[in-house]
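Spelled out, the chains give:
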Amino acid sequence: MQDTVIESKAPTAKAVQAERTKKTTKTESNAMNAKRSPTEIAESITETVGKPLAQNAKLAMRDVNVYYDQKQAVFDVNLDIAENQVVALIGPSGCGKSTFLRCLNRMNDTIDICRVAGSIQLDGMDIYDSKLDVVPLRARVGMVFQKPNPFPKSIYDNVAYGPRIHGLVNRRADLDEVVESSLRKAGLWEEVKDRLESPGTGLSGGQQQRLCIARTIAVSPEVILMDEPCSALDPIATAKIEELIAELSQNFTIAIVTHSMQQAARVSHRTAYFHLGRLVEVNETEKVFTNPDHELTEAYITGRFG
Amino acid sequence: MESSVLVIAIFVLGIIAFVVGRSRSVAISQNVGGIRFLNSLPFYYGALTALWCAIPSFLVFAVWSLFDDTIIRSTIIATLPAEAADSVGGNLNLLFNQIYNVSVGAAGSDSAPDYMVAAAQHLHSLQAISRWALTGLVLACALSTSIVVWSKINPQLKARYQVERVFRSFLFLCSSLAILTTIGIVVSVLFESIRFFSMVSPVDFLFGLEWSPQMAIRADQEGSSGSFGAIPLFTGTLLIALIALIIAVPCGLMTAIFLSEYASSRIRDIIKPMLEVLAGIPTVVYGFFAALTVAPFIRDMGLNIGLDQWLPISSESALAAGLVMGVMIIPFVSSLSDDVINAVPQSLRDGALGLGSTRSEVIKQVVIPAALPGIVGGVLLAASRAIGETMIVVMAAGLAANLTLNPLDSVTTVTVQIVTLLVGDQEFDSPKTLAAFALGLMLFLVTLSLNYFALHIVKKYREQYD
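Just so you know, the protein sequences line up as chains V and G, in that order.
Per the working numbering, the first sequence starts with residue 3, numbered consecutively.
Per the working numbering, the second sequence starts with residue 55, numbered consecutively.
None of these hints come from the bench; they were simulated from the model.
If you're wondering where the values come from, they're calculated on a predicted model, not measured in any experiment.
Hints may contain errors.
[As the list claims (entries may be wrong)] DSS-like cross-link-like pairs, simulated, lysine-lysine; straight-line CA separation at most 27 angstroms:
| no. | chain 1 | residue 1 | chain 2 | residue 2 |
| --- | --- | --- | --- | --- |
| 1 | V | K289 | V | K149 |
| 2 | V | K149 | V | K195 |
| 3 | V | K242 | V | K195 |
| 4 | V | K149 | G | K514 |
| 5 | V | K155 | G | K514 |
| 6 | G | K513 | G | K326 |
| 7 | V | K133 | G | K514 |
| 8 | G | K418 | G | K486 |
| 9 | V | K242 | V | K289 |
| 10 | V | K133 | V | K195 |
| 11 | V | K155 | G | K513 |
| 12 | V | K289 | V | K53 |
| 13 | G | K418 | G | K514 |
| 14 | V | K53 | V | K133 |
| 15 | V | K155 | V | K187 |
| 16 | V | K155 | G | K326 |
| 17 | V | K149 | G | K513 |
| 18 | V | K133 | V | K187 |
| 19 | G | K326 | G | K418 |
| 20 | V | K149 | G | K418 |
| 21 | V | K242 | V | K155 |
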């Protein structure tokens, strides 16, 4: 399945543009839809269109609801993320995609008022089981954040942090090896190999973000969650990170939240569209960007709102 | 007019000037098409008129009040006959005071010599002239300046700019008050210290091992010289401050970590205000707690476990003062540390948690290292507080200048000695009294440099995350 996705991925920009133009005219002629606002449409959604479920699910989410105090942020989400697959979560700001992403390694535990209901399974294990320890879970499901957040330590210590706290290596030589291979995988080794002892905060924004990715993969997680990893970066640094995501998808399962539809189109195999906390549509990325099933998805990717 | 009435008059004139200036600007704005064609809002025209009315006249009032006494006095003395000066042996101050007494009709003024009665009448008339002249001058000044400004009001007048410049200068004056006070304190302490060091050599003061500032009144008394070696005081101060910091730093830091990382918001809402209450207790209350409860307890404990075989144990001890002082500065350390720990960005914590750190790993390896410069700054501020603290040590640490590191013995500190040297009637030219200023100078220099370094470190840290 993955192979077919990769082949059909990345349609040329022109083709996408042409499709969009065609779609726009089609939608505008649809008088039925024009009567209802996007909010009304989103609030009436009860079931996700497209193919939210997958065969070999690494992560399986069923009926996930998230509440901040009284306010519900995510409604009845069902979604599978298959092994070694990149799934992009897109949607307008405040649609719950970051909240949803943070549920996948229980980062929402750090927010007192946040409550998660439903079931999320990692390889068939319920991660919201009350007996489960979040520490090994977060080692298996790593996370890269919106803003690069290197620790105020040296580059070496930043990458070595995870292996050290989890006791993954016993000897200094092994640690050196883990640090080097993680930095190589993150495409940062050549730039920093001569200054591993200088502080991680002294790197440029793009380098810092790659350092954070290196730090995450040094723990050898199975899943990497990325919350708008390129939003603070310039196009060149973004391109490097995107290349990196493509390489990482050979070994890791990745869920990425992004506001850039081009980025979603370039890096992901499947795309999930969120609107007002509802998962509107999940499909192969190419299908979402050329011939989406739902009118809201279409309106969003053609730039009519959001 | 009396001075107080005059000040009120200036104030009232200022208000009138405001109203008049404001209404003139409104009237003028009608001719040019509305308020929006004025350079500034009518309020600023009114304020400008009021400021011009009040400030120059008040300055005139202040200058006149400062100098009129001196001028009247010298005029009176100059017109006196020569015999008058002889009668008081050339003491003109005394003479003038006698004249003043006569002029207000104090007891014994009936028997005053003729020339004195004449001078008293002269003084009376001069004072009356001065008052009327002042009233006239101030009112004329207030009226003339406000009329000039009033007549100058036109749409192009940059009233807002000028008013804001006046307020800016006023704000600047307020802020420089603290700086000027600091400079004044330093200078006064410095001059007295220089007088002290001209009598006692700085080397003896800084490195001497014996402190006994009692000076003999007569030359033939025992120990007439006094000795001013401040080392026992410095040691005592540092010993007590060290004990206080050993208590306050770990405890305050742990409190801050608990409050910012572990405590639920409900517990935080209870503990934080209580800590602030602790910070608000007057130090004298801590002082009698130290002297009446802690010090006897420590002495009894020392005696019970038989420490008195090896160490001198005193009922006033460095340990008692240090312990209580430590408790006193816990809120200080905890609230400063709490601030810097909260300033560590949540994203760093998220990053560490996202890698599967436990809470304690996040705190030990990410939060504390990131907050460390700020924490060090807070500790230095607490240290300068401990060194400068007076009341607790006066009450609990004793007065004997023992050169010892034994915390159970009584020691004395710089601040305690300053208090004892300056309490009661003093002559301000003996080394005993002046020594207090030298000690004060040392204290000031130490706490000033500690504060400077602490604030510098805190500031540097702040820049890192903003």
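Checklist entry - Tell me, which hint numbers fail for this structure? => result 1, 7, 8, 10, 14, 16 and 18
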